[in-house]
Structure formats: C-alpha cells, structure tokens
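Asker: Residues in the sequence shown are numbered from 1 upward in steps of one, following my numbering.
Treat the hints with care, as some may be off.
What the hints assert, rightly or not - FRET-style restraints, in silico, Cβ to Cβ:
hint: 1; residue 1: 121; residue 2: 150; range: 54 to 64 Å
hint: 2; residue 1: 121; residue 2: 77; range: 17 to 27 Å
hint: 3; residue 1: 229; residue 2: 135; range: 16 to 26 Å
Said to hold, decoys possible - Below, a list of computed lysine-lysine pairs in the DSBU-like style, where the Cα atoms sit at most 35 Å apart:
hint: 4; residue 1: 208; residue 2: 198
hint: 5; residue 1: 198; residue 2: 186
hint: 6; residue 1: 186; residue 2: 208
I should point out that these hints are in silico values taken from the structure, not numbers from a laboratory. Remember, predicted model here, so these are calculated numbers, not experimental data. Positions of the beta carbon are idealized from the N, C-alpha and C atoms, including for glycine.
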Amino acid sequence: STGFMLMAMARLAPEHELFEPAMMWLVRNRRGAQWSNTRDTAISVLSLNAYLKASGETVRPVTYEVEVNGRVIAERTLQPAEIIAAPSTFAVDSDLVRDRNAIVIRSHYDDGSPAPLYYMSSASFFSLEEPIASAGHEIFIRRQYYRVMARQTLLAGVVEERVPLNDGDVVRSGERVEVVLSVETKNDYEYLLIEDLKPAGFEAVAVKSGGRMYARQLTEPAARLRFGSATDKADAAAEWKAGEDRTDFTGRSTWVYPELRDRQVALFVNWMAQGVWEVSYTLRAEVPGAFHALPVSAHAMYVPEIRCNGREVRVTVLERE
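Working from the sequences, and respecting the hints, build out all of it.
Answerer: Okay, here's the thing in structure tokens:
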C-alpha cells in the first residue's frame, strides 16, 4: 500500500510533505536487495522509480566517500547516468574490523550541499556447528532417510523393507534411499517451498521434474509416535490397543510439484492445512565417499518470516560389493 501511495503522490502531489518519508519507509524496510516477497519487490521498485523521476535526484552528479573506523576505503563521483546503475560494492579489509565498527558515508553535490545516497551493509559468517541443528518459526520440518532393502520371503517372493538410515550410517553404491520429509504447520498456509539439499554422491531416482506427488496428513497419534517425547509416544501407543487396526494417515492429501535440481530437490506446495504432513521421494547412492546432507529447509514464499530448517545428516557411501 505504501508503494501505491508513493506512485500516486509522484504523479499528483510530488511536493506533499509525506512524499519523501514514504520513500524512506520503503527503503528502510527492504531486506537486502529485496522486500518481503517478489510481489512487494516489484511494486516497491516501480514506486521508487516514480519517486526518482518526480524528485529530480538523478539530474546532478553526486560525490561520496565511505569511511570505516576512521579510514576512507572508497571515494567516487557518480554522473547522472550512473546514479541508477548497478550499485558499487566495497569489501572491508579484515584488519579494519573490530568488535564494534563505525561506518560513515558522506555525499554531496558539486556545490557542497548534501546529496541523497542510498546504501546497504551486509555481513556474512560461517557456522562451526556440526551437525547443524533444526530450527523453525510457525512451521517445522524433519527429514528421515531409509535404506530400501530387498528381502526374500517364502511365499511372497522378494519384498522391500525400509531400514532407518541415521546420522553417521553407511550405505553402498547402487542402493536406494527413501527420503521422508515431515512438515508440521501451526496454521493453514499457502505457497510453501521445501528445498532438500541432496548429499553429494546421491542422485534422484526420478529423471524428470513434475509428475504425481502428494503430501499426506498424519493422524495425531501417528505424529506423536514419530516425533513426540517419550511420554507422548507412550500415550499414543496406548490409544492403539493391541490387535486394533492402526491408521497413520487421515485420508487428506495435498498436491506437490517437485523440481529436480543439481544441488537439491525443490517441492512447491500450493496449500497445506494445520497439522503434520508427510511427503517422500527416492535417491540412489552412486559415488563412494563420506558426505554431509545439509539441512532441508522450508518457508512461506510470500511471508519469509515463516521458515524452518531440519538437521544435518552425515552418511558414508561404500563401494558396491
């Protein structure tokens, strides 16, 4: 709404007292190089473009300098055609970095009067945490690997069994591994994206994106049996009396669109109701070695604050026997 108001003022009332404050609110509420989602980003870019045309900020050269902890690291003059070009990036030498850092940016026109200049600062770091723990806000995700093992039976012939593959376990090249993703949602959500990073040495059995894939909703006892505390598991087990038919799923399902990528499998979900949902696909171990499966992650595409990640898993692939 702020973006639409800014576009309206740029066309009808560029002298309005709220014209510049509305622009500053948009600039200060971006997240890195974007806003909360693709739709908001598009509207914000269009409205800021309208502001620049109406305000006349891009018709005069601007000179600026960047100072970090008392040392000037960059000084440049931007011509009008360069002001709205791709931004300049300046890396700060590690020798200048302290526990507390002061960054000063000064900008002015040729006559010495103050000139507007828009900037952002970012910092990156590497976590030494191993394995990476799970975390989430409003949604939570868990990933479990299963070795798909063939077992000879007397009457049914060869049947397949799933054997849990936990952190640090071993598989052999050529074996199939079923990936089961369980998503717990605290509310009803639309447009979720799940990205599962494949461990190096594994490839998806499916060779084409798309196809028929569905997430199924778990019953409350089944969810507690799989993910609850020891007390929750005992209570859930008691609800299923010995000899009683056990139903793990409610019968509700939702369509999932899978995309097979080089580094990950991306799953797009249009709608997911409150509860615990389960979706699966299959990998094949191919290249021997010791690998890390980085955490699976999920987020709401239009509300990035709703996001989560699972645990890291380490797995070793041995040569085929």
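Asker: Return holds or violated for the Cβ distance of residue 121 and residue 77 against the range 17 to 27 Å.
Answerer: holds, 21 Å
Asker: Sort out whether residue 186 lies within 35 Å of residue 198, counting only the CA atoms.
Answerer: holds, 27 Å
Asker: Does the Cβ distance between residue 229 and residue 135 fall inside 16 to 26 Å?
Answerer: holds, 18 Å
Asker: Please test the hint of 54 to 64 Å on the beta carbon pair from residue 121 and residue 150.
Answerer: holds, 56 Å
Asker: Would the hint linking residue 186 and residue 208 be met if the CA-CA limit is 35 Å?
Answerer: holds, 32 Å
Asker: Has the given pair, residue 208 with residue 198, been kept, meaning a C-alpha gap of at most 35 Å?
Answerer: The given pair, whose Cα atoms are some 16 Å apart, holds under the 35 Å limit.
In this structure, every one of the numbered hints holds.
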